[in-house]
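Engineer: Just need the whole structure built from these sequences, with the hints factored in.
Read off the chains here:
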Amino acid sequence: MVQKCYKFCALPIFIRFLFILKFVFCIQILEVTAGEIITPLRNTHASESAVIVIRSQQIAAYEETSRGFEEGCREKNISIKAIYDLKGDIEEGKRITQHIKRDKPNLILAVGVLAATIVKEQFPDIPIIFCMVINHERFNLRGTNITGISSEAPVENQFAILKELLGADKRVGVIYDPSKSGKIVSEAALVVEKFKLNLVKKEIASENEVASALKSIVKKIDVLWIIPDSTVVTKNSLDAIFQAAEKNHLPTFCTSSAIVKGGALISISPDYASTGLQASQIAQKLLNNPATTTLGIKQPDKLKITVNTTTAKTIGIDLSPLRSRTDIVLYP
Amino acid sequence: MISIRTKLIFFIFLLIAIVDAFSCLLFLIHTKRQQKEVFKKLGASLVTLLAQDNEVKQALSYEQPAFLDIPIKRLKALDREKEIGYLRISNGQTVILEEKTPFLNIQMEELPHRNLFQNQDSPLYNRIITSSGEVLYDFSIPVFEKTFSEEEFAAQILSEDLAKTKQHVLGFIQIGLSTRKLNEKIYKTIYYVIIPTGFIIIFGGICITFFLRRYIVSPIRQMASVTLDIAKGDLTRTVNIRSNDEIGQLSLNFNKMTKALGESYAELTLAYDTTIEGWSRALDLRDKETEGHTLRVTEMTLKLAQTLGVKKEELTHIRRGALLHDIGKMGIPDSILLKPDELTEEEWQIMRKHPEYAYQLLSPITYLHKALDIPYCHHEKWDGSGYPRGLKGEQIPLAARIFAVTDVWDALHSDRPYRPALPKGKAIEYIQAQSGTHFDPHVVKVFLKMSW
Chain A
1 MVQKCYKFCA
11 LPIFIRFLFI
21 LKFVFCIQIL
31 EVTAGEIITP
41 LRNTHASESA
51 VIVIRSQQIA
61 AYEETSRGFE
71 EGCREKNISI
81 KAIYDLKGDI
91 EEGKRITQHI
101 KRDKPNLILA
111 VGVLAATIVK
121 EQFPDIPIIF
131 CMVINHERFN
141 LRGTNITGIS
151 SEAPVENQFA
161 ILKELLGADK
171 RVGVIYDPSK
181 SGKIVSEAAL
191 VVEKFKLNLV
201 KKEIASENEV
211 ASALKSIVKK
221 IDVLWIIPDS
231 TVVTKNSLDA
241 IFQAAEKNHL
251 PTFCTSSAIV
261 KGGALISISP
271 DYASTGLQAS
281 QIAQKLLNNP
291 ATTTLGIKQP
301 DKLKITVNTT
311 TAKTIGIDLS
321 PLRSRTDIVL
331 YP
Chain B
1 MISIRTKLIF
11 FIFLLIAIVD
21 AFSCLLFLIH
31 TKRQQKEVFK
41 KLGASLVTLL
51 AQDNEVKQAL
61 SYEQPAFLDI
71 PIKRLKALDR
81 EKEIGYLRIS
91 NGQTVILEEK
101 TPFLNIQMEE
111 LPHRNLFQNQ
121 DSPLYNRIIT
131 SSGEVLYDFS
141 IPVFEKTFSE
151 EEFAAQILSE
161 DLAKTKQHVL
171 GFIQIGLSTR
181 KLNEKIYKTI
191 YYVIIPTGFI
201 IIFGGICITF
211 FLRRYIVSPI
221 RQMASVTLDI
231 AKGDLTRTVN
241 IRSNDEIGQL
251 SLNFNKMTKA
261 LGESYAELTL
271 AYDTTIEGWS
281 RALDLRDKET
291 EGHTLRVTEM
301 TLKLAQTLGV
311 KKEELTHIRR
321 GALLHDIGKM
331 GIPDSILLKP
341 DELTEEEWQI
351 MRKHPEYAYQ
361 LLSPITYLHK
371 ALDIPYCHHE
381 KWDGSGYPRG
391 LKGEQIPLAA
401 RIFAVTDVWD
411 ALHSDRPYRP
421 ALPKGKAIEY
431 IQAQSGTHFD
441 PHVVKVFLKM
451 SW
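Sequence lines, in order, name chains A and B.
Letter by letter, the first sequence follows residues 1 to 332 in the numbering used here.
Letter by letter, the second sequence follows residues 1 to 452 in the numbering used here.
Hints are computed from structural coordinates only; laboratory data are not their basis.
Note that CB positions come from ideal geometry on N, CA and C, so glycine has one too.
Certain hints may be false.
[Stated by the list, open to error] To spell it out: a stretch of chain A is covered by chain B in this simulated footprint if at least three of its residues, at any positions, have a beta carbon under 8 angstroms from a beta carbon of chain B; those stretches are:
hint, segment
1, 94-103
2, 111-120
3, 224-237
4, 250-264
[Stated by the list, open to error] Listed next, the in silico DSBU-like pairs over lysine-lysine satisfying Cα-Cα at most 30 angstroms (straight line):
hint, chain 1, residue 1, chain 2, residue 2
5, A, K94, B, K146
6, B, K370, B, K424
7, B, K41, A, K235
8, A, K180, B, K41
9, B, K146, B, K76
10, A, K94, A, K201
11, B, K303, B, K392
12, B, K146, A, K180
13, A, K94, B, K41
Structural biologist: What follows is the structure, encoded as structure tokens:
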């Protein structure tokens, strides 16, 4: 893939080389018409700007996002100079950033936490857009040149769907590691009241505590909220969670369609291609307005609901309240 | 009889032996377990460390054994006690590196290969006994392709299929730790800690035994021996008081008791003795004997007996016997006893019965049994011509032989109705003449040596 990328970016380098030659030759013309050239340069800025996409690793979700971004850019006449894949390796990331620095890009889209972290450190002066960073608040991803798109649906939207499906006055259980998801849970604690739901919190400190935490909480709750916390969500613990949920007819609710495919009941999550598209819109705004270097952290534009119908049948949940919605994906 | 000391030593030793054995055993088990735990932790950390080493990952992905040199050097630096017995790194199909410590007698071929793992996160450990008898702990762990764990998590959350997000295994690492060092450490603990502890406990036991003996057994033994003496009649013995505790109190009370007993015994003896003296005075009065004859004779007899080496206890009886020597005369009618003239043969017959009467009178009195010799036998003669039984030589009790001499001596020295007192020289002559016939020659010899 990398080789493919290099092939892809070899051409723009050549063009750039020609451009430099032209620049040397035309230096006299520029001197004369400096004032006039600025505007056309500005006009062509959006179309000829050097935008670079860096993905943390090669997974379908990231590819989908970057495809969405490419499509959006094509529509907006933004050319993408190169797409890099860091293969989930920091060393690789460092090597690639050295390479990118020579390109002097105008804007970088970082897909995934690894790419976002490296880019933030290496390019403090170039506008950066990050997306697909799970639970982004955990990472120090704020800065004057950083714009981000959250990879989770807003907590309010999550609870709105939950209420729509199950009704009010439900006890929502959540298992979390306070060092990783303390912020999300405290935010949720404020939001739940609005939806007339109760939050039953259970703190854990290691993966091994998931089973016992689940045991202690399962009888006291009507629905389990699975948050993207790497202490709680592991392959083994998810199996345990799904088994307990099935046994106790407990609906499970999360922020990832992948987990729904694994066995959770319902998720509300951003559409990955739409996230890419949203990023391209942000890119356009930033490129057209060099004075603006950041737009802050954005919520995802488009959310989709994924429901596992098998799980719904097993635990006996009536999906009719959601039937009318258009943004619903039924699985399988 | 088994003495208290023997019992005490036996039971304390038994107790100490049991306590010692149990505590040492528990300590040993605990130490072993702890050492083994440390050993397992070391193995797990070493193998995990190696599995996470980037250079090892590179060596496995490019099949370059040379890349392993530095990581293995680092690993060996961590293994300070040289416990690593063997090392095997394979990429699943081929073994990239195999190494064993020269001092171990093992064949790498017989060590099982590990290629499958249930739990990917923690190392698998196994106890292996080789055909050559080496005991090794085998720690194995898979090496995963290097990934960024946050990205791994993202992949898990975002990828379409959870099951697909499995880490790619580059290879396997197997480390065998030899138990030789572990055993050495355990033996060291046994030699330097457990055995000395055992000895300290035994020493403590010996000290306890010693103190028990010193403060309990010895006083009791002493009291036992004193009691025996007291039982024999020596009321002067006392127990040493060495402490202020219950044993000391017992000794003190024992001494008080002995003292009280001694006092009442002395009182009783005094009462008897004054009674006996009273009797003898009564006899003297009736007999119209020379004033103080009995007391004088008694004094002399005691002196002579002492010179002859008679024991102290015997002297008491001799004194009583001397005081009562003529008690039999109570049975002689006044007409004979107080007759101023020579006695007829019949009267002498009656008169000679007085030792017999004395015997009859005194023998029922247990208390005076030992004092009977003088009243009964003081008229026996060395040559057997005396009365009442005609005893001869040493058949006559020594007390009586002594008394015979002093009695005659005092009689010779006193005025009698029928003759005046003999001068000293004549008396000595008479005594000397009677030696061997009337008196015991040895007694006479000693008597004459003494100055009267």
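Engineer: Does each hint fit the structure? Answer for all of them.
Structural biologist: We went through each hint and held it up to the structure:
Only residues whose C-beta sits within less than 8 angstroms of a C-beta in chain B count toward coverage, and the segment 94-103 of chain A has 0 of them, not enough to reach three; the restraint is violated. Chain B is given as covering the segment 111-120 of chain A, and this holds because 3 residues of the stretch bring a CB closer than 8 angstroms to a CB of that chain, at least three being needed. Residues of the segment 224-237 of chain A lying with their CB closer than 8 angstroms to a CB of chain B number 5, which satisfies the three-residue condition for coverage. Only residues whose C-beta sits within less than 8 angstroms of a C-beta in chain B count toward coverage, and the segment 250-264 of chain A has 7 of them, enough to reach three; the restraint holds.
Between A/K94 and B/K146 the alpha-carbon distance is near 15 angstroms, which keeps this suggested pair within the 30 angstroms criterion. At roughly 33 angstroms between alpha-carbon atoms, B/K370 and B/K424 are farther apart than 30 angstroms, so this suggested pair is violated. Of the supplied pair hints, the one linking B/K41 and A/K235 holds, its CA atoms being roughly 26 angstroms apart against a limit of 30 angstroms. With a C-alpha separation of about 28 angstroms, the suggested pair A/K180 and B/K41 falls inside the 30 angstroms cut-off, and the hint holds.
For a cut-off of 30 angstroms, the pair hint linking B/K146 to B/K76 stands: about 23 angstroms separates their Cα positions. Annotation: proposed proximity of A/K94 to A/K201 is violated, straight-line Cα distance about 40 angstroms (limit 30 angstroms). About 24 angstroms separates the Cα atoms of B/K303 and B/K392, which keeps this hinted pair within 30 angstroms; it holds. For the given pair, B/K146 sits about 23 angstroms from A/K180 by alpha-carbon distance, which is consistent with the 30 angstroms threshold.
With a C-alpha separation of about 35 angstroms, the suggested pair A/K94 and B/K41 falls outside the 30 angstroms cut-off, and the hint is violated.
Consistency note: the structure conflicts with the earlier hints numbered 1, 6, 10, 13.
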